[in-house]
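Number of protein chains: 2
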Amino acid sequence: MDYLDELLARQIPNEEETRKLAAISSAIINKIDNICRNENIDATCVEVGSVSKNTNLKSSDIDIFITFDRSYPVDYIEKKGLEIGHRVLENGTEKYAEHPYVSGYIDGIKVDIVPAFKIGKGEKIVSTVDRTPLHTVYVNNNTDEKTIHDIRLLKVFLKSINVYGSEIAKSGFSGYLCEVLIIHFKSFGRFIEYMANLRGKLIIPEETIDKFNEPVIIIDPVDPLRNAGAAVSQENLSRLKLASRIYMKGRTDLFNRIPVVKRKRETNIKIFVVEKPDIIDDIIYPQAVRLKNRIWDIFQENGFIPTASEIYVGKDIEILIEYKLEELPGIEIHKGPPVESNEAIKFIDVWNSNPRLMRGPYIMDDRIYVDVKTRIRNMEGIIRKELKNEDIGKNLNQFKDEIKILSIDENSPLEVEKRFYSKYLF
Amino acid sequence: MDYLDELLARQIPNEEETRKLAAISSAIINKIDNICRNENIDATCVEVGSVSKNTNLKSSDIDIFITFDRSYPVDYIEKKGLEIGHRVLENGTEKYAEHPYVSGYIDGIKVDIVPAFKIGKGEKIVSTVDRTPLHTVYVNNNTDEKTIHDIRLLKVFLKSINVYGSEIAKSGFSGYLCEVLIIHFKSFGRFIEYMANLRGKLIIPEETIDKFNEPVIIIDPVDPLRNAGAAVSQENLSRLKLASRIYMKGRTDLFNRIPVVKRKRETNIKIFVVEKPDIIDDIIYPQAVRLKNRIWDIFQENGFIPTASEIYVGKDIEILIEYKLEELPGIEIHKGPPVESNEAIKFIDVWNSNPRLMRGPYIMDDRIYVDVKTRIRNMEGIIRKELKNEDIGKNLNQFKDEIKILSIDENSPLEVEKRFYSKYLF
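As given, the protein sequences belong to chains A and B, one line each in that order.
Residue numbers 310 to 735, in the numbering used here, belong to the letters of the first sequence in order.
Residue numbers 310 to 735, in the numbering used here, belong to the letters of the second sequence in order.
Because identical chains share one entry, a pair is satisfied inside a single copy or across any pair of copies.
Derived EDC-like pairs (lysine to aspartate or glutamate); straight-line CA-CA distance at most 16 Å:
1. Lys633 to Glu610
2. Lys703 to Glu584
3. Lys571 to Glu641
4. Lys655 to Asp562
Calculated directly from the structure, the hints in this document are not laboratory data.
In this text, all values refer to a predicted model and were calculated from it rather than measured experimentally.
Can you build the whole structure from these sequences, using the hints too?
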């Protein structure tokens, strides 16, 4: 069996699962439609998500949208949406995306019941969830058995190379992107061949004028102003290009390879651990990345020379930095004004009377320099001092003073260490 | 007494010295002229150098040129020059500049007797010494008591700020440059004022079109194609600018200041000591500087991050390098090809089978990277390996394998260390 067939066989839902999902969906929709009819609510219940488009893999969720008429105020649909959700999902819990919604389990299947506004194609949306039912309509109108098979194939392929999923921490390809791409290229094979030979950005349709900044530009067929590929990172585009090339060359062994994990790097590594507030990852993750970048910059600006980094957001936020210099030299070379400037003599007088002066003032090329005693030489001291006055993100600032700075521990490595050491292509 | 008057009083020759120099010169010239007449040699004896122009400071040498007619072959004038030199200077020794010449002492005064070709203004020279007699004529034709005083003043000023002398190791202003500058500016005061306000290069005459690369461009009045200021370094130009500014502001205390010498820098310093062959400094010094630059570059290219250096050429060649990293990290990050290139899979295969692979291959942005074990981590090993195949200069290559690499020694510092620690403006 071919590499992909094998992947697919393990992940395609069987008839039993498909029948079960359909039964649960229609029961829920019936129930909600009845409620709306009885209470005279102008709303329609529609199923969205991969199950509704037949493009689902094993163990998919069911997503049910209650689409209200646009004349209702937002407050009303949020209140009513939660109320109906709780009536349908007995042990449901409230969650929050763009609106609050109810999430629960029926017969072991996860079900989300989400309120939205009913809009037609081309109409202005209120929140991005309003667009979702249009995606279902578009996909169902443009797929057949063959394209559905290839969409599933693409999904398992992207999963296997670790670029599937639109959560911010993943920055991969969403299910909807898989559908749009296969509808556009007509087959999995043609898409992979295209990717194997693509140079630069992925732009679909190819003739689109690039007015976006992102590496992946896929115009949403239901909204020509929207880049449906905006969330995909450069790395994930690169992974898909390389994976396509590997697949075309028949080198699928490279997908399965277990990466070398050698821990004796003999480098300087520190791990910054910050408590994670109880907020969803899509909000915390970008703040954590910004903190990582800020710490990187502090290493850089102060001359510790960072060389690699890793981030893991789980129970806590873990940021790993590998760097060259464990301690700053005792001397900083301080570049002064040109000899021919009016500040030259002032600079000399100022430093001659400064106890930090270690050598000079002296001349190099056309400027005056001094060698000055370094104020703080150890990295922890500098990082803590620099972060003190820094905004490290709305939800992280409160934990700023309690950042732990840990050394690597071979015996009980943190998650970020495991991730760091096992970095591989996919 | 003013700062400069005091300097000058200590260095101007007294009447007795002047009379003595004149007596020795004319005795030598007489002797040589007699020899030439008796042997029918078509040559004239002329005095050159500062004594001949009355611009000498205390303890000057006497320079006597035997200028031969241009019809003689070079071999002849070199042989004849040495022969006459030895006859005049009984205990003279042979030295080598552009021609061999004889150097000796008469009555405690150093005398050089040098052969050259007799040329007229505008005629093509054979070697640069042929030009020297023209300089004497030019200066004597363009000076009076006042300009001679100011030339001497400029010389002592430049000496006091350590930028006087045309030896390559000094790269300062020659005596002839002092003469040309004072003749051009008419007085010491006007020159210093000009220098205190000068920005950028020193170009004399000011309207000269800059077709030279050097920071100081002073067209030789006897040869408009020659930059008489070519040997002056950027640092020495900067020193003179700053010193002029300091003098104009009446801040002469800055000339006398004893620099701070703090030796506890808490940095990494190594000193490379190379045996010095028995060759004049003007030839060895540029090779030593090139070696210093090459060692600096090896530090730089290999990531040891050099921050300061010093050189001293005395009994040995001593090269000091201050640097940040004592040992390279155990890992090198190796940047591979873009994922979309034909070399991508090859790069992965090559590294996957390489025992030096420590992590990866992995993707960053649009490229593949690997982390690789560093081959040689210690600095000495790398320097010795890199120098092995390096041409470090005609006269130094023989000592390449015997370079000593020393740590600093607080108790018996080398000359280069003393120079390094006491670096000051002048």
